[in-house]
Each structure stands twice: as C-alpha cells, then as structure tokens.
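Undergrad: So the sequence shown is numbered by my numbering: it starts at 5 and just counts up by one.
Some hints could be false.
Simulated DEER-style distance windows between Cβ atoms [unchecked claim]: (1) Thr251 with Asp36: 47 to 53 Å; (2) Ala73 with Val133: 21 to 27 Å; (3) Ile189 with Ile17: 30 to 36 Å; (4) His109 with Ser7: 42 to 48 Å; (5) Asp36 with Ile155: 45 to 51 Å; (6) Tyr177 with His109: 22 to 28 Å; (7) Leu198 with Asp36: 23 to 29 Å.
What the hints contain is simulated information worked out from the structure, not anything from laboratory work.
Only a predicted model underlies this, so the values are computations on that prediction, with no experimental measurement involved.
Every residue, glycine too, gets a C-beta built ideally from N, C-alpha and C.
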Amino acid sequence: MPSNTVKFWSLLIFLIPSILCALFISYYLLFDRTLRHALHNHVVIVLLLIGLFSEMTNYIWMLVYYQYAGIWQRSNIFCAIWGFNDWALYITYTILLAWATIERHILVFHDRWVSSRRRRLLVHYLPLVCLFLYCFVFYIVVYFIPPCANIFSQTGYICISPCIFNSYTFSMYELVAHQFLPFPIIVIFSIALLVRVVFQKKRTHQPVQWRKYRKMTVQMLSISLLYVVLYFPFLVVSICVLFNVSTDLLNEILPYTTFITYFIFPLYPFVCALSLSDLRNKMYQILHLRRPPRQVGIETFTLRVRENNHTTTKTNY
Numbered sequence: 005m006p007s008n009t010v011k012f013w014s015l016l017i018f019l020i021p022s023i024l025c026a027l028f029i030s031y032y033l034l035f036d037r038t039l040r041h042a043l044h045n046h047v048v049i050v051l052l053l054i055g056l057f058s059e060m061t062n063y064i065w066m067l068v069y070y071q072y073a074g075i076w077q078r079s080n081i082f083c084a085i086w087g088f089n090d091w092a093l094y095i096t097y098t099i100l101l102a103w104a105t106i107e108r109h110i111l112v113f114h115d116r117w118v119s120s121r122r123r124r125l126l127v128h129y130l131p132l133v134c135l136f137l138y139c140f141v142f143y144i145v146v147y148f149i150p151p152c153a154n155i156f157s158q159t160g161y162i163c164i165s166p167c168i169f170n171s172y173t174f175s176m177y178e179l180v181a182h183q184f185l186p187f188p189i190i191v192i193f194s195i196a197l198l199v200r201v202v203f204q205k206k207r208t209h210q211p212v213q214w215r216k217y218r219k220m221t222v223q224m225l226s227i228s229l230l231y232v233v234l235y236f237p238f239l240v241v242s243i244c245v246l247f248n249v250s251t252d253l254l255n256e257i258l259p260y261t262t263f264i265t266y267f268i269f270p271l272y273p274f275v276c277a278l279s280l281s282d283l284r285n286k287m288y289q290i291l292h293l294r295r296p297p298r299q300v301g302i303e304t305f306t307l308r309v310r311e312n313n314h315t316t317t318k319t320n321y
C-alpha cells in the first residue's frame, strides 16, 4: 500500500500543472467561437469541466488528508459532499465518455442526423443532458436523501459509506450499469471507430474528409485510451474479488490499482491539449513558435521602385 507521503507527492506533482492546463484549454474551448460550436468538442468540454471541478475540490481535500496522515475530523455534511463529489463526478465522467464513443460514429459517418437544429437537439444535446442529470440525481439520492441512515467514519479519506449499497439489488445495478458496462462500450466503439475510419479512407479517397475524420478520431481515441489504460487494472482486480477469486496478492494489488484510477482526471487535460489540433495551433501562436516569414527582399525592391519613380518624376519635371 503506498504511504500517505507517496500519495501526496504523486498527486501534487501532476495536480498543479493539470489545473493550469485545464484552465487554459477551457478558456479557448469556451471563448473561441469555432471551437465552442463544434459538436465533437461539447462532450470534451463537459468532461474537462468535470475533471477540473474534481481537481479543485476532491483532490485538494485528498492532499490535506494525506498531509495529516488521515487524522482529520470532518463533519457529516462535509463527508456527504466529499463522497458525492468523488463518486458522482467519476461515474458521470465514465458514462459520458461511453456515450461519446457512440456519438462519435454519428458525427463522423452519419452527420445528416445532426444537420438541423431539431436533430441536433434530439441526437446530440438531449442524450448529453439526460445522462448528466441521471448521474447527478442518482447520487444525490444515494448521499443526501437515502431511504436509510448513511454510515460515517473518520478512518478513511472518504468518511461516508452509503447505506443503500447494503441492498444487493441496488449495489449490483450500480456496479454493472455504472462501472462494468461502460468499459466494454468504450473499448468496442473506439476500436470500431478506428476500423471504420481506415476503411472509409480507402474507399472515398477524399483528403479533406479524411483530415476531418482523422481529427475527430484521434481526439476520441486519445481520451478513451487514457481511461482504458488506467482503469483496466482496477477492473480486472475488482471482477476477481467480486467472483471470490480473492488471494493475498489481489488484496495487495487492489489499493494500487484503485489509486492509479485517480490519475485519470489530472492527465485528461494534457491528452486534450495533444489531441486538439486547433488548440495546438493556438498554443504555437501564443508561444511564438510559428512566426510569419520576413519579406525583406520584397520590401526593399518595392522601396527602390518607388524611389526610382520619384526620381524619374523629378527629372521629367
């Protein structure tokens, strides 16, 4: 099990640059009209804001907890807020990412489905809003208005244990629908997107369309790959524990795999920055990495022509 000191510095090293990067990307995605109106950027923006809010709340609280070696007395309402933020934001991120891998097929190969305002409302905006509200309402009930009394304990860094998870039916639904099911959806639809784009490139031979497909595909695959790589070890160990394949080795690995999943939010802004080509161009412009070529020769030639004309005019006069 990693020590509190190791956890503290591991998170802090990534957290500060991640917050700065997330603020930078959020600014350009929200205030640049072209980037803001691009449909494929909407779910990216929502995921970015979810991660940023979590970093500025949960991750700060985690650092305080690790700094004081777990000796931190907290009120019940604070524990409920922390538990809600920690789990609701993470599950919302996961479910929206799963939907994004499905929607990317629509945006790339069936753009007529979102060609009108009404179609965009039904196919693009409505699922995004409904999934977001579903996750938040679901966990508001779990943490703030449960049908039983939640259990509070100061020993863990999340000092609340929702009582409703004691119900086998409810806990299994939450486990399968919110944790296990989104993972294969993300994997299957991401791979299918890559395969379809490759075949589409060979069939159409349209460079302009291919560049469009490539940008949208690279963006989605990069985000999905980050989630799959960091979540897969935890998923495998959790499934083994669920089916009573519990060994001493699994019990030792589980805390490490759990802690690794907490790097999904801090690393997400960097993946966004690398996968958004329009944003990279803006960063290059800001850092003056792309400067326009100086046209000294043309300016000098133009100046000499003007001087000659001026001299000719004086002579003729």
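Undergrad: Does each hint fit the structure? Answer for all of them.
TA: Evaluation of the provided hints:
For the pair Thr251 and Asp36, the supplied restraint of 47 to 53 Å holds, since their beta-carbon distance comes to about 52 Å. Taken as a hint, the range 21 to 27 Å is violated for the pair Ala73 and Val133, whose Cβ atoms sit roughly 42 Å apart. Take Ile189 and Ile17: their Cβ atoms lie about 32 Å apart, and the range 30 to 36 Å holds. For the hinted restraint 42 to 48 Å between His109 and Ser7, the CB-CB distance of approximately 44 Å keeps it satisfied.
At roughly 47 Å, the beta-carbon separation of Asp36 and Ile155 lies within the given 45 to 51 Å, and the hint holds. The beta-carbon spacing between Tyr177 and His109, approximately 27 Å, falls within the hinted interval of 22 to 28 Å. Distance hint check for Leu198 and Asp36: the Cβ-Cβ separation is about 28 Å, which falls inside the suggested range of 23 to 29 Å.
When held up to the earlier numbered hints, the structure conflicts with hint 2 and nothing else.
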